[in-house]
Amino acid sequence: MRTVITEMHRFVFSLLLCICMVYSVFAQDCLLWGTVSLDGQKYPGVSVGVVGTSIGTFTDEHGSYSIRLNPGTYSVEYSFVGYESRIERITIYTNVKKNVTLHQSYIELRKVVVTSDAADRNVSSSEVGTQYLQRQELKLTPVLFGENDVLKTIQLMPGVKSAGEGGGGFVVRGGGTDQNLLLIDGAPVYNASHMLGMFSIFNGDAVEQAKLYKGSMPASLGGRLSSVLEISSVDGSLEDYHATGGIGLISSRLEVDGPLKKGKSSFLVAARRTYVDLFLKLARDTAIRDTKLNFYDLNCKFVNLINDKHKISFSGYFGRDVFKFRKMFGTEGGNATATLRLRSLLGSKTTLNSYLIYSNFTSDIQLNTEIVDAHLETGLSNLNWKEDFSSRWGATTLSYGGNVGFYWFSPGRLTTGMLDKPVHLSRRYASDASLYVSVQQDYGSRVKLEYGLRFSNFFVFGPATTYTYNEEHEITDSVVYRRGELVNYFPHVEPRLNVNVRLSGESSLKLALTRTTQDVHLIQSSTLNMPTDYWMPSFNKTEPQVCSQISLGYFRNFKENMFESSVEVYYKDMRNQLDYENGTNLFLNENLEAYLLYGRSYSYGLELYLKKNVGNLTGWISYTLSKTEKKCEGINNGIWFPVRFDRTHDLSIVAMYDISERFHVSATWVYSTGDAVTFPVGKYWVDGEEVSYYTERNGFRMPAYHRMDAGMTYTFKKKKRVESELAVSVYNLYNRKNAYMIYFESVDEENPHELQAIKVTLFPLIPSVSWNFRF
Amino acid sequence: MIVCALVSCTEVMDDFSVRTAESRLVVDAHVSSFTQTATVRLSKTAPFLNSTDVAYVSGATVVLYYNETVLSLNEIDTIPGTYTAEAVFPENTEYRLEVRTADALVTAKSYMPASVRWDSTSVVIPDFAKFYTSEDSSRLYSVLAYMTDPGNQTNYYRVEGYKQDSVKFRSVTDDGYFGGQSVQLVTSVYVLKPHDTLTFYLKSIDKQAYEFFNTLETSNSSSSFFSAPDNPTSNLEGDALGLFYAYSADSVSIVIPED
Chain A
33 MRTVITEMHR FVFSLLLCIC MVYSVFAQDC LLWGTVSLDG QKYPGVSVGV VGTSIGTFTD
93 EHGSYSIRLN PGTYSVEYSF VGYESRIERI TIYTNVKKNV TLHQSYIELR KVVVTSDAAD
153 RNVSSSEVGT QYLQRQELKL TPVLFGENDV LKTIQLMPGV KSAGEGGGGF VVRGGGTDQN
213 LLLIDGAPVY NASHMLGMFS IFNGDAVEQA KLYKGSMPAS LGGRLSSVLE ISSVDGSLED
273 YHATGGIGLI SSRLEVDGPL KKGKSSFLVA ARRTYVDLFL KLARDTAIRD TKLNFYDLNC
333 KFVNLINDKH KISFSGYFGR DVFKFRKMFG TEGGNATATL RLRSLLGSKT TLNSYLIYSN
393 FTSDIQLNTE IVDAHLETGL SNLNWKEDFS SRWGATTLSY GGNVGFYWFS PGRLTTGMLD
453 KPVHLSRRYA SDASLYVSVQ QDYGSRVKLE YGLRFSNFFV FGPATTYTYN EEHEITDSVV
513 YRRGELVNYF PHVEPRLNVN VRLSGESSLK LALTRTTQDV HLIQSSTLNM PTDYWMPSFN
573 KTEPQVCSQI SLGYFRNFKE NMFESSVEVY YKDMRNQLDY ENGTNLFLNE NLEAYLLYGR
633 SYSYGLELYL KKNVGNLTGW ISYTLSKTEK KCEGINNGIW FPVRFDRTHD LSIVAMYDIS
693 ERFHVSATWV YSTGDAVTFP VGKYWVDGEE VSYYTERNGF RMPAYHRMDA GMTYTFKKKK
753 RVESELAVSV YNLYNRKNAY MIYFESVDEE NPHELQAIKV TLFPLIPSVS WNFRF
Chain B
36 MIVCALVSCT EVMDDFSVRT AESRLVVDAH VSSFTQTATV RLSKTAPFLN STDVAYVSGA
96 TVVLYYNETV LSLNEIDTIP GTYTAEAVFP ENTEYRLEVR TADALVTAKS YMPASVRWDS
156 TSVVIPDFAK FYTSEDSSRL YSVLAYMTDP GNQTNYYRVE GYKQDSVKFR SVTDDGYFGG
216 QSVQLVTSVY VLKPHDTLTF YLKSIDKQAY EFFNTLETSN SSSSFFSAPD NPTSNLEGDA
276 LGLFYAYSAD SVSIVIPED
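For the protein sequence lines, the chains are A and B, in the order given.
First residue of the first sequence? That's 33 in our numbering, and the numbers climb one at a time after it.
First residue of the second sequence? That's 36 in our numbering, and the numbers climb one at a time after it.
Chain A with its partners taken away, still in its complex shape (with noise of 0.2 Å):
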């Protein structure tokens, strides 16, 4: 084993070797370079693009940019979301600097915003399996009980599946829930839920972009096998000061944000709550009265311009989920973030983002009545230091930097009057350390290379034990370590490769390989996001979870990138994949690692993806025709099963209507196969008890999925300096009864042995209102 991850290493360094001596390849045109401030930020993403020509680009995370263009006149257009597009007139003989200011646009915010994303970003970039979503997109789709919310919006993207009605848990191209990273701003979320799935985590008003990467993650990200999806939150003005709101049937928000000292640092704050438990206070018995069911969050950011060569950013997030039935029963538990970023230009072509990181994942529960009283306590936490740098020369870039990271895993801890002692799962720790180098490359005006290495190792430290068990799942032998002591160690070789064939000045065709490994486990004891599912480290048995993906894809733009099209296949092929044996208790179970079996997966599928950008129509049709199969030593008799999100079709289309300038329509439409379930096939009795007969895993389907959603806003006339908005939204327009569980009881009491299929549908048509303000 030793000799392979030997040559490996060899064979990595020899690689980066390579890398090194052929990237010196550079093209002999003008450059026109330079950063593009939106009221005084530099921001990523803004559109710059040559009037006329199918040459463009964005600006990087620096708000910096560069084209490539032979000498001559040219009109360059800069244009961001919800900014006044500026189209300036540049004679080009040699390199040309120049930095553009944009100015925010109220009025026109919703449809500069529609249009924002309409350049060929999707085509010119080397990024496969890529998906953005701006802030107003997110604010247009109508969503359940009208709450904005990205990882719902996120869903009706190709590739991208609900793991249940209701639920913000995804699945990435046949992954499991736990397989993707979110991060916001840099921290990463071991829960991204409020009320079991109901909502997102991820206040609408302060998120800025959401960037899901499903099939070619970059080599600066890495730790999960599916996807990453990025939250950006929004950095306040340092113009002016700005106030945001919302007030719902079910929560009300507000956010507000300013500078603190003009044109150099800013400020954020964003709330959010729901008031559910305030309807309860009318109630007459004063145990649903004292009744607390409620979640809040808060978003907080600050900027400061040091000077033109530094900036830094704190960001943070803390968010809590409140059950409390009296004193009988309680759960409470949320996610706190905490991000510290330096972003540095160190000289005119390299730029260092520094950034220390904390995150935090508790949930308690408490049970206190006459017969039981007990207190269960999970968590994790996680520090993270990170330095990304990036280098530019002329077409070239090169990215690279370094991540260490430490966890303190606490999987639970029981205290309860039942027993003489807690019972307590033993806690783990845990570090990372990663290494990354990624060349981006232009090679003339047609090709576009995205090369690059990431190299990371996991350690597990002591004081830890660890146990060999026999068959019989009995404990053989320990080794206890001490406080430091290396347990074991994972080391990881992760490359990531990206071609862009520009095929014509509106389409390209993009191959992306990458391989990614995950070292930290969700023990998920449901479907739904229980207050009892802990993480747990790779340990002694537990064995990291790998994956190798290839996608293949055409992008296609039309009509001056009015329309976006993208065609894309992909495979991937998963190992260890963690299950567990018929029964396991998955609850404090100290020896759960003599339980554990390790799968493989593979998925395949076709995504189609069509979008309109710009006019009073728009929106997207994603589609989506897969396969995700597993395999399993000691399940199913170790033949191949689908898994249960294995919805062989799955079709999204979203379109946004502007009636006028004031008045606003959106629908959304979803279908998929039913998920796939276990029935029994046939029943017999044990002790007088019935049991239930199988023979297959996942043999069966759910019917078939399918809801209209649909929505509508009114925008007020602009009184001073306020705008408003009335937001109605439908959810599940035409009342569809979806099966959510099926489940058998008898017909009637009289014929006990006859069963009847119950079918439990969740959400009927309901409707939301909500009044959106701006000042």
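Just so you know, not all the hints are guaranteed correct.
Below, in silico cross-link-like pairs of lysine to aspartate or glutamate (DMTMM-like), each with a Cα-Cα straight-line distance of 20 Å or less [claimed, not checked]:
{"hint": "1", "chain 1": "A", "residue 1": "Lys769", "chain 2": "B", "residue 2": "Asp50"}
{"hint": "2", "chain 1": "A", "residue 1": "Lys573", "chain 2": "A", "residue 2": "Glu506"}
{"hint": "3", "chain 1": "A", "residue 1": "Lys293", "chain 2": "A", "residue 2": "Asp340"}
{"hint": "4", "chain 1": "B", "residue 1": "Lys203", "chain 2": "A", "residue 2": "Asp322"}
If you want the footprint, here are the derived chain A segments under chain B, 3+ residues with CB under 8 Å [as the list claims (entries may be wrong)]:
{"hint": "5", "segment": "702-716"}
{"hint": "6", "segment": "723-729"}
{"hint": "7", "segment": "774-786"}
{"hint": "8", "segment": "792-800"}
Quick caveat, the hints were computed from the structure, so don't treat them as lab data.
These numbers were taken from a predicted model, which means no experiment stands behind them.
Backbone N, C-alpha and C fix where the C-beta goes; we use that ideal spot for every residue, glycine too.
Put chain B on the given structure of chain A with help from the hints.
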């Protein structure tokens, strides 16, 4: 889940059907020092949705082996497919069952541990009982039963609760959380009336029986949120479904008092 409960509804699926698998032999067997009986029921699996006609297997040869004893079980004339024998079955003993039918040979082993006794019981009216209303004198009661685990080894228990003769409660546990400790093992809430009688059985079983009942409890339902459905883990060898288990037991009865 709370919100789900508030907005969800149910509907009978008239067009639902599942295929029926080829029927298989089922062995439902136990031997007990508490009842001093050994009982084996032989049948075939039935269609899942409509199993009004269960096929029983008659004419089999059923033999029980323990220590130096070989005991044949005889089929009851009036109950086809049911084979029984009575004896003083010793605890701390391994039992082996052999079943021969016209086309199958099924064997199984089970160890009968020493019995563990209940310590005490009590009845409590929980605080939340006021949320239950009834036209008669029924109300919610919490019935508590306590035992002390011997602690000398890993022990496995199956607990059954009966109101009069109908089963109210079944559960299975090992002593992983309370080895050697006193523990409140039954904490169930029932709708009962004064003078109702509840009887709890504490069956001491072996690991294989525990695994069968545990997997039956946790994994056998097709509508569980908590696990993928599967067949319970059987200790039978041969082409058959079911379980053979030996158990010792203790019982305790509680009469619900007047308020």
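Those earlier numbered hints the structure runs against, lowest number first: 4
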